[in-house]
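Engineer: Sequence:
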Amino acid sequence: MSTRKKYPKEFKLDGFSLVLEQGHTNTGAAKSLGVNAGMLGRWVKEQQAGNGHAFRGNGKLTPE
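Using numbering that gives the first Met the number 0, the first residue of the sequence shown is number 0, and each one after it goes up by one.
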């Protein structure tokens, strides 16, 4: 059984920056970072939601 890979907040923010600030596609940015495009898309969506809970880390649950 494989364990889930954990990515630091800074890594996720770099992916977010590639997509929204530098104009790369999710697929292209994900390929250059070595992650799944769907995962990168989820990171971007969480960051864009702007609710202050994006990339909260393991065990740090949202108020809901």
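Hints may be right or wrong, so weigh each one.
Straight-line C-alpha distance at most 27 Å; calculated DSS-like pairs for lysine-lysine [to be verified]:
{"hint": "1", "residue 1": "44", "residue 2": "30"}
{"hint": "2", "residue 1": "30", "residue 2": "4"}
{"hint": "3", "residue 1": "5", "residue 2": "30"}
{"hint": "4", "residue 1": "30", "residue 2": "8"}
{"hint": "5", "residue 1": "44", "residue 2": "4"}
{"hint": "6", "residue 1": "8", "residue 2": "44"}
{"hint": "7", "residue 1": "5", "residue 2": "44"}
Here are the simulated distance ranges between beta carbons [unchecked claim]:
{"hint": "8", "residue 1": "7", "residue 2": "30", "range": "25 to 35 Å"}
{"hint": "9", "residue 1": "22", "residue 2": "1", "range": "28 to 38 Å"}
{"hint": "10", "residue 1": "2", "residue 2": "22", "range": "12 to 22 Å"}
In case anyone wonders, no lab produced these hints; they're calculated from the structure. Since we're looking at a predicted model, the values are computed, not measured. Where is the CB? At the ideal position from N, CA and C, for every residue including glycine.
Engineer: Against each hint, give a clear statement of whether it holds in the structure.
Structural biologist: So, going through the hints one by one against the coordinates:
Taking the CA atoms of residue 44 and residue 30, the gap is near 18 Å; set against the 27 Å cutoff, the hint holds. For the hint pairing residue 30 with residue 4, the CA-to-CA distance comes to about 16 Å; that is within 27 Å, so the pair holds. A distance of roughly 17 Å separates the Cα atoms of residue 5 and residue 30; the hinted pair therefore holds under the 27 Å criterion. Taking the CA atoms of residue 30 and residue 8, the gap is about 18 Å. The hint holds against a cut of 27 Å.
This hinted pair checks out: residue 44 and residue 4 have alpha carbons roughly 20 Å apart, not beyond 27 Å. Between the alpha carbons of residue 8 and residue 44 the distance comes to roughly 14 Å, so the proposed pair stays at or under 27 Å and holds. Our distance criterion of 27 Å between C-alpha atoms is met by residue 5 and residue 44, whose separation comes to about 18 Å. Between residue 7 and residue 30 the beta carbon distance is about 20 Å. The supplied range of 25 to 35 Å is therefore violated.
Evaluation of the 28 to 38 Å hint for residue 22 and residue 1 yields a pass: the beta carbon distance comes to about 33 Å. At roughly 34 Å, the beta-carbon separation of residue 2 and residue 22 lies outside the given 12 to 22 Å, and the hint is violated.
Hint check: violations occur at hints 8 and 10; the rest are consistent with the structure.
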